[in-house]
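Peer 1: Residue numbers (the working numbering), protein chains in the order written: chain A, 1 to 357; chain B, 1 to 230; chain C, 1 to 267.
Hints are not guaranteed to be accurate.
If you want a taste of the chain C side facing chain B, the calculated C-beta under 10 Å gives, among others [what the hints assert, rightly or not]:
#, residue
1, ILE37
2, ASN103
3, VAL187
4, ILE188
5, VAL202
One-sided excerpt, in silico: chain A residues whose CB lies under 7 Å from chain C [said to hold, decoys possible]:
#, residue
6, SER69
7, LYS101
8, ASN227
9, ALA343
It is worth saying that the hints were derived from the structure and are not from the lab. The C-beta atom is built at its ideal place from N, Cα and C for all residues, glycine as well.
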Amino acid sequence: MSRIFRFFIAIALVSGVLLYAISSLNSEQGYSGENTLTIYNWGDYIDADLINRFEKETGMKVIYETFDSNEAMMTKIKQGGTHYDIAIPSEYMIDKMRKEKLLVQLDHSKLPNLKYIDKRFMDLPFDPKNHFSVPYFWGTVGITYNPKMLNGKEIDSWSDLWDPELKNQILLVDGAREVIGMGLNSLGYSLNDTDKGHLLEAKNKLDSLTPNVKAIVGDEIRLLLENQEAAVGLVWSGVASEIMAENEDLEYVVPKEGSNLWFDNMVIPKTAKNVDGAHQFINYMLDPKIAAQNTEYVSYSTPNKAALQYLPKEMVEDERFYPSSELTEKLEVYENLGKENLAYYNELFLQFKMHRK
Amino acid sequence: MYDFKGFTLDWYKELFQDTRLLIIVLNTIVVALLAALISTMIGVLGALAIHMARKRNTKNALLSLNNVLIVSPDVIIGASFLILFTMAGIKLGFYSVLLSHIAFCIPIVVLMVLPKLSEMSPSLIDAARDLGASGWDVFSKVIIPYISPGIFAGFFMALTYSFDDFAVTFFVTGNGFSTLSVEIYSLARRGISLHINALSALLFLFTMLLVVVYYFISKRNKPNGMGVGK
Amino acid sequence: MENKLTRSLYAVPYLLWIILFVVAPILLVLYYSFFNIEGQLSLSNYEKFFTPVYLKMIFSSFWYAFLITAISLAVAYPAAYLLTKTTHKQLWLLLIITPSWINLLLKAYAFLGIFGTYGAANNFLEMVGIGSKQILFTDFSFVFVSVYIFIPFMILPIFNSLNDLNPTLLDAANDLGASRWTTFRRVIFPLTIDGVKSGCQVVFIPALSLFMLTRLIAGNRVITLGTAIEQHFLVTEDWGMGSMISVFLMITMVLIMMLTGSRKRGA
Numbered sequence: 001m002s003r004i005f006r007f008f009i010a011i012a013l014v015s016g017v018l019l020y021a022i023s024s025l026n027s028e029q030g031y032s033g034e035n036t037l038t039i040y041n042w043g044d045y046i047d048a049d050l051i052n053r054f055e056k057e058t059g060m061k062v063i064y065e066t067f068d069s070n071e072a073m074m075t076k077i078k079q080g081g082t083h084y085d086i087a088i089p090s091e092y093m094i095d096k097m098r099k100e101k102l103l104v105q106l107d108h109s110k111l112p113n114l115k116y117i118d119k120r121f122m123d124l125p126f127d128p129k130n131h132f133s134v135p136y137f138w139g140t141v142g143i144t145y146n147p148k149m150l151n152g153k154e155i156d157s158w159s160d161l162w163d164p165e166l167k168n169q170i171l172l173v174d175g176a177r178e179v180i181g182m183g184l185n186s187l188g189y190s191l192n193d194t195d196k197g198h199l200l201e202a203k204n205k206l207d208s209l210t211p212n213v214k215a216i217v218g219d220e221i222r223l224l225l226e227n228q229e230a231a232v233g234l235v236w237s238g239v240a241s242e243i244m245a246e247n248e249d250l251e252y253v254v255p256k257e258g259s260n261l262w263f264d265n266m267v268i269p270k271t272a273k274n275v276d277g278a279h280q281f282i283n284y285m286l287d288p289k290i291a292a293q294n295t296e297y298v299s300y301s302t303p304n305k306a307a308l309q310y311l312p313k314e315m316v317e318d319e320r321f322y323p324s325s326e327l328t329e330k331l332e333v334y335e336n337l338g339k340e341n342l343a344y345y346n347e348l349f350l351q352f353k354m355h356r357k
Numbered sequence: 001m002y003d004f005k006g007f008t009l010d011w012y013k014e015l016f017q018d019t020r021l022l023i024i025v026l027n028t029i030v031v032a033l034l035a036a037l038i039s040t041m042i043g044v045l046g047a048l049a050i051h052m053a054r055k056r057n058t059k060n061a062l063l064s065l066n067n068v069l070i071v072s073p074d075v076i077i078g079a080s081f082l083i084l085f086t087m088a089g090i091k092l093g094f095y096s097v098l099l100s101h102i103a104f105c106i107p108i109v110v111l112m113v114l115p116k117l118s119e120m121s122p123s124l125i126d127a128a129r130d131l132g133a134s135g136w137d138v139f140s141k142v143i144i145p146y147i148s149p150g151i152f153a154g155f156f157m158a159l160t161y162s163f164d165d166f167a168v169t170f171f172v173t174g175n176g177f178s179t180l181s182v183e184i185y186s187l188a189r190r191g192i193s194l195h196i197n198a199l200s201a202l203l204f205l206f207t208m209l210l211v212v213v214y215y216f217i218s219k220r221n222k223p224n225g226m227g228v229g230k
Numbered sequence: 001m002e003n004k005l006t007r008s009l010y011a012v013p014y015l016l017w018i019i020l021f022v023v024a025p026i027l028l029v030l031y032y033s034f035f036n037i038e039g040q041l042s043l044s045n046y047e048k049f050f051t052p053v054y055l056k057m058i059f060s061s062f063w064y065a066f067l068i069t070a071i072s073l074a075v076a077y078p079a080a081y082l083l084t085k086t087t088h089k090q091l092w093l094l095l096i097i098t099p100s101w102i103n104l105l106l107k108a109y110a111f112l113g114i115f116g117t118y119g120a121a122n123n124f125l126e127m128v129g130i131g132s133k134q135i136l137f138t139d140f141s142f143v144f145v146s147v148y149i150f151i152p153f154m155i156l157p158i159f160n161s162l163n164d165l166n167p168t169l170l171d172a173a174n175d176l177g178a179s180r181w182t183t184f185r186r187v188i189f190p191l192t193i194d195g196v197k198s199g200c201q202v203v204f205i206p207a208l209s210l211f212m213l214t215r216l217i218a219g220n221r222v223i224t225l226g227t228a229i230e231q232h233f234l235v236t237e238d239w240g241m242g243s244m245i246s247v248f249l250m251i252t253m254v255l256i257m258m259l260t261g262s263r264k265r266g267a
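Build out the structure end to end from the sequences listed, making use of the hints.
Peer 2: Okay, structure coming up:
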């Protein structure tokens, strides 16, 4: 036989051995058993230690799958094919999923620990009475900046970004709602404005920001700001807290004109098979001590009021990440604006991107 | 990144204790190997079919259809495969991922094999036939050895495609099956931890080693080949 | 003995693949492209496509795909030629391919570090006295990284054609008094044209629908059709418009294939 046939046979044999190894590993770990709970979450967005503990306490085996965007996650849940028991989408997705009947209504009697959640974060417009979701982490959208790179200049509002001194110093996240929202906020309009005139005005205002914008990037904004690639970034507070843990020079501020308040939430999708187990898991994650440990690991802000006492003081008292209720009053949660309006936001955002060239 | 604190092997220690990650790595390798293997076989047959097509229009039509998957962005391939699989009732997981990887690797194999086929002089086949070779003999003893560089090229490119794919895999995977790419991309929002980098470095060195070992073994065996081993 | 049917039996798996994984998705995409964002049947996607925003996008997609292909070819051809001259040429070839098995995202992140303001590239520029420059988020870095990613795809087919070149042909040309340049132009290049063509196809076609890198390396300064499709599928959830652009890409690809394919017959 010629070389190529021998080569192919070798590859087939190696694959066979590997397949055998995988299946024995899977059954050893219990992933192929019956008593499982499938969690669909962002990568590295939970303390793995807590999952192990949950498995030990309940005897369930947790299968942990990950996604990288809300929209992609929704497509997967809509099409079915996998029995996701728990998913953790952002708030604007909850409204959409609720309306498309992709969520199972929660049985509050099985969630006694729900009482620990701060009342500020319950019963919000995207899910009245929390019929379908429980907040997991929350945060704001704001500006992170490096005073050292700006000769000690301080920033506390959106309009500060238009300062010509910041030429080629700003990184924006690649999100239509966030960037157009910044334009709207700086003009004093609501983040949920759908008036085409106002939106166009915001877009024109953004166009004038162009000389200051160095790049519009995705998750890599974290790395770029840490590396001092630019002095200023429009980011989510979660990202900011991580960057600041790496590079202490950086500051984070929620602009005084107002900004966005966001939530990631635990839900039970329609695809769930182990609805009881899912309730158990949600309740477990709401336990103050568990929530505190998870918060220390993830380093985002927890909505669990009772968990705060178990967290380090300097973390909880940091106004930047646990803003007072006066400030949160001023912040707006994204509403689901409907497909057509959202498309218009994206259209404008695209034009803004193209304007730079 | 710049306040580099020195070298440590901790990341590597952590790696070996993580069974979930180990399964993911093995999944990635198996899918890539099998996808490359099967797509190479189908792709070679496909390239032959295109090469043998008598009418120019048939040839062009086949080639265009062949390239559709290369020109389509992964998101579209992934989404449409997902719809197809759920319509056909195929359970999402290992087989759906393998099938889609085979699917998007085939065109690249065809494109790698075709130039070798068209370089091959037709008189070679005629000569073999005149000497009484059967169809299978012509295929396995004349054509295959001649185009084997193209076949290897196709195989390795298919491996590349399969290792690198994120979007298609993401859409068609499910039921706990995951590959390294899916894992890495989903980590982006929270920052890619150093142990993923450690893992990739390890895998990279390992493949390099394999490649070198394979090369020298096949070199040594070469004289034993029955003349056709090219 | 061997009738036509059994002789074409070998093509069955491939044709099955074409029907299941190519024709079926094309029909699906075509079907979606006639729905607007509200889910109604309409031609609005096709109208929207011919507005300045999208026309500009088409232009830049083609321009960058062309640049990437041309530069890849310019680098890959000599590289492949040199490779054929080394002793362990197959090994070197494999060693060129293996880095492409590292995850694209990890490689892109590495380039963010290298090209950054305080990265290795700028350190080097400082050292030679040119001084620090903005490299990241420029056309240069975008094209550079894209070429880096695509180059193995270009080298492989060219290497394969060069490697099979009959050395006696070169000697003959030499004996007949051809200069090295004439030998290349009249003998080597025409004989390796199939490899070059297939290399260009496997680079140009995917480069048209490149996305990821436009954001990571070019900071969204480069917007291509691939970026737009990704946005429409994953952000706006306007699958109709996304499908429409993809239909356009397919038609373009067919046209390119026809253009490059027809010349072949003349030879």
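Peer 1: Of the hints stated earlier, which fail here?
Peer 2: 1, 3, 4, 7
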